[in-house]
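*Asks:* What follows is each chain in one-letter form.
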Amino acid sequence: MSIRREDVLHVARLAELEVAEEDLPRLVEQMGRIVEFVAQLDEVPAGDSAPPFVAGPAQLTLRPDAVVPSGLVRQPAAFAPEFTKGFFSVPRLGAMAEGE
Amino acid sequence: MSGVGTIAESVGSGRSTAASVAHDVAARLTEAASLNATLHWSAAVLDQQAAALDGLSPAERTTRPLAGVPIALKDNMVTTDQPTTCASKILEGYVSPYDATVVTRLRAAGAILASKTNLDEFAMGSSTEHSAFGRVHHPLDASRVPGGSSGGSAALVAAGVVPAALGSETGGSVRQPASFCGVVGVKPTYGRVSRYGLVAFGSSLDQISVFGKTVDDAARVLAVISGHDTRDATSAPLPPLVLDAPRRNLTGFTFGRPREYFPADLHAGVRAGLDRTAQALQDLGATIKDVSLPHARFAVPTYYIVAPAEAAANLARFDGVRYGPRHLGASGDVQGLYRATRGQGFGAEVRRRILIGTYVLSSGYYDAYYRKAQQTRALLAEDFRKVFEEEGVDFLLTPTTPTPAFKAGEKVEDPVAMYLADIFTCAINLAAIPALSLPVGRSEGLPVGAQLVGPMFSEARMLSVASAIEGVVDAVGEVR
Chain A
6 MSIRREDVLH VARLAELEVA EEDLPRLVEQ MGRIVEFVAQ LDEVPAGDSA
56 PPFVAGPAQL TLRPDAVVPS GLVRQPAAFA PEFTKGFFSV PRLGAMAEGE
Chain B
339 MSGVGTIAES VGSGRSTAAS VAHDVAARLT EAASLNATLH WSAAVLDQQA
389 AALDGLSPAE RTTRPLAGVP IALKDNMVTT DQPTTCASKI LEGYVSPYDA
439 TVVTRLRAAG AILASKTNLD EFAMGSSTEH SAFGRVHHPL DASRVPGGSS
489 GGSAALVAAG VVPAALGSET GGSVRQPASF CGVVGVKPTY GRVSRYGLVA
539 FGSSLDQISV FGKTVDDAAR VLAVISGHDT RDATSAPLPP LVLDAPRRNL
589 TGFTFGRPRE YFPADLHAGV RAGLDRTAQA LQDLGATIKD VSLPHARFAV
639 PTYYIVAPAE AAANLARFDG VRYGPRHLGA SGDVQGLYRA TRGQGFGAEV
689 RRRILIGTYV LSSGYYDAYY RKAQQTRALL AEDFRKVFEE EGVDFLLTPT
739 TPTPAFKAGE KVEDPVAMYL ADIFTCAINL AAIPALSLPV GRSEGLPVGA
789 QLVGPMFSEA RMLSVASAIE GVVDAVGEVR
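Protein chains in written order, with this note's numbering: chain A, 6 to 105; chain B, 339 to 818.
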């Protein structure tokens with residue numbers, strides 16, 4: 006299964022990741038090799054089976070449902086790129102802009 | 339540099355001051371600057387911590403198990419008094435509004451947080467060459483890598499700047515650099531140490547882990563940071579680790595030597611180091627038994643599906659909205675902001691893993707890759723369970739890495755070759771069990787590490803066994 010240029014562009018769109026045109030040939034080649042490498046799992050004997058495995062405690066315990074102070078030593082305005090009137094600010098959605 | 343126990347005893351009893359420790363650490367950090375192992379440290383932050391400790395009453399100070407012990411932290415654990423960047427441009431200048439649980443516990447135990455250490459960006463790599471702030475140099479040979487992704491922490495312990503440091507593991511990121519640098523690296527059972535405040539990479543694999551100059555150094559730090567934390571839902575409901583006394587005799591212990599971990603092309607120096615360790619175990623009274631982990635060869639491909647899939651989901655939060663630098667795309671809308679911030683903020687290896695992770699989770703490929711990898715993960719975990727529960731094996735003995743430290747630049751352009759550096763470590767993370775690496779000699783001057791692997795929550799016993807090996811194996815002698 007080889008990776009094509011369109012596959013890289015498709016997953017880059019899904020991942021909200023800008024990929025520079027000049028990086029594409031190398032990414033196509035490297036992703037192709039990685040996918041070929043992981044495809045070795047096709048060789049796992051079909052009859053081999055094991056109980057499903059989940060890392061961590063067998064049973065997750067919930068915290069008491071109580072309001073506790075956040076313990077933040079600085080508030081979002083101190084680390085957010087843009088913060089206005091208690092909200093993180095972003096540019097408008099493209100789709101909304103088109104509809105206006 | 340004194341060990342963890344000696345420093346804690348000296349500062350705790352008032353025979354020396356935390357201020358003098360802080361002063362010495364600052365001098366050593368300055369001296370070691372050429373390693374590029376440290377991303378952030380400041381004399382002011384060191385002095386502030388020392389002054390708080392020296393200001394305690396003698397009675398209060400003696401109760402701190404790590405009084406005045408300088409400990410370095412991989413820069414993917416959040417701290418309120420120093421930046422946390424994960425060695426990425428996407429978090430440049432970020433200072434967390436809260437401390438990680440391990441940081442809170444270290445502070446409460448009287449430790450001095452010495453510095454934040456360099457790493458492969460977001461802990462993705464095996465050489466610490468994938469840092470946005472430049473590669474870390476191996477302390478014994480600057481042309482080589484210290485391993486990764488916790489290469490900065492490993493290098494600082496190996497160079498004697500600190501006696502212990504924290505790193506994090508997803509596929510071997512503490513044991514592999516510990517092996518390369520000739521120090522001890524302990525990866526606890528998944529859930530033993532809280533992940534609260536560890537920047538997530540692969541949530542079902544990530545585990546904060548410890549470097550020590552000696553087994554005792556690492557063990558004392560692990561005892562402090564372990565234990566249940568309500569802020570991490572995957573934290574095991576267990577009290578902090580209680581250490582066993584170091585052992586001098588291993589009569590009655592059985593060590594399994596999995597044949598899949600000793601391939602014909604294993605580096606001769608690594609093989610010699612492991613032979614010497616097996617002999618030492620037998621001399622200490624233990625039995626060595628050949629065993630098989632039949633699915634071992636599928637560990638790396640499984641890992642490189644599961645870890646990138648989880649990374650692609652975890653790293654979605656870095657989008658230029660809530661923290662870190664922001665880049666506005668040409669489109670001027672919010673999607674352009676996401677794409678430009680992420681495209682310009684992440685380095686090449688992180689971008690590659692996000693793309694692979696998104697690919698294996700995408701419609702049409704999920705069953706072929708992700709589901710298959712989950713099934714194989716279960717087989718790998720079952721292989722380990724069987725040797726421990728059905729074959730009477732206490733611990734497995736394996737090499738930590740297939741070769742000693744490799745040259746910088748040797749694998750950086752070939753992701754698959756780099757991934758294979760984790761061949762003996764990543765199955766352990768997939769199976770969520772504990773393991774450690776300890777130095778067992780040198781090959782042409784470069785450290786060789788032996789790995790012990792144990793069943794879930796066997797750390798106390800494993801550390802006591804490691805101390806027995808440490809007592810009889812010459813960790814810096816040339817192997818033959």
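If you are wondering where the hints come from, they were derived from the structure by calculation, not from laboratory data.
Certain hints may be false.
[Said to hold, decoys possible] These stretches of chain B come out as covered by chain A in the derived footprint (C-beta under 8 Å, 3 or more residues):
id	region
1	663-669
2	709-722
3	751-765
We put the beta carbon where it would ideally sit given N, CA and C, even for glycine.
*Asks:* Does each hint hold? Answer for all of them.
*Replies:* Verification of the supplied hints:
With a cut-off of 8 Å between beta carbons, the region 663-669 of chain B has 5 residues touching chain A; three or more are needed, and the interface restraint holds. Counting residues of the region 709-722 of chain B whose CB falls under 8 Å from any CB of chain A gives 10; the rule of at least 3 is met. With 3 residues bearing a CB less than 8 Å from a CB of chain A, the region 751-765 of chain B meets the requirement of three and the coverage assertion stands.
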